[in-house]
Amino acid sequence: MADFFALDPIVATFARYGLRRTSMNDVARALGVSRQSLYNRFGSKGALADWAVQALVDRSLAEALRAIEQPARTLPDRLADALDVWVGRHRDALHASPHGVEIVAAMQLRPSEAVRAAERRLVAAMAEAIRLSGPGSAVPRAGSMAQALCWTARGLVHAVPDHASFRRQLDHIAGALVAR
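Per my numbering, numbering through the sequence shown is continuous, rising by one, with the last residue being 182.
Hints were generated in silico from the structure; no laboratory data involved. Beta carbons: idealized from backbone N, C-alpha and C, even for Gly. This list has only true hints and no planted wrong ones.
DEER-style ranges, computed between Cβ atoms:
no.	residue 1	residue 2	range
1	A116	D79	19 to 29 Å
2	G138	S46	49 to 59 Å
3	A14	E65	13 to 23 Å
The task is simple: from the sequences and hints, build the whole structure.
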C-alpha cells in the first residue's frame, strides 16, 4: 500500500534529533503536514518510527533483491550491489547524524522481526545466486558465504571512513570470496 507520508524526510528528522528527542511537530514540519495528520495516521511517535523502519527495510530489501537479479553484472558485483543498497548507502547518513550511534545501538540491541526477516530473505537470495552462478567449490558453502558477506557488510559500515571505502572493500571481499 502506498503511503501519503514521504519516508526520507521522516528518517532525516529522526537522524537529526534522535529517536527520543524527535517530536511529532518536528516530523510534521519536515513533511509540511499538520501534527494532527500524523497522529490520525500513526497514533503515536512510536508507531511512526516503526512504520519508518519497516518502510526503509522494505525499500532497501526490494532494491537489494533487484541488484542480485541483474544478469549483465558479475556475481561479485551483484552481491556487492545488493549489500551496498542494504547497508552501505546508509553509512554516510548514520555517521553524519549526531544520533547515528543511538540509532545503530537501538537497532542492534533490539532488531525488529522485520529487519531479521528481511535479512534472512536477502541472505537466501544471495545464497541462491552463489549456487547458480558461483564456482563449483562455492555451491556447498553458498549459505555460509552469503551470511558471512552480510555480516561483513554490516561491520564495514562502522569500520571505514566513507561510503567509497565501504564499496571498495566490499568489492574486494565479495570478489575474493566467490573467485572462480
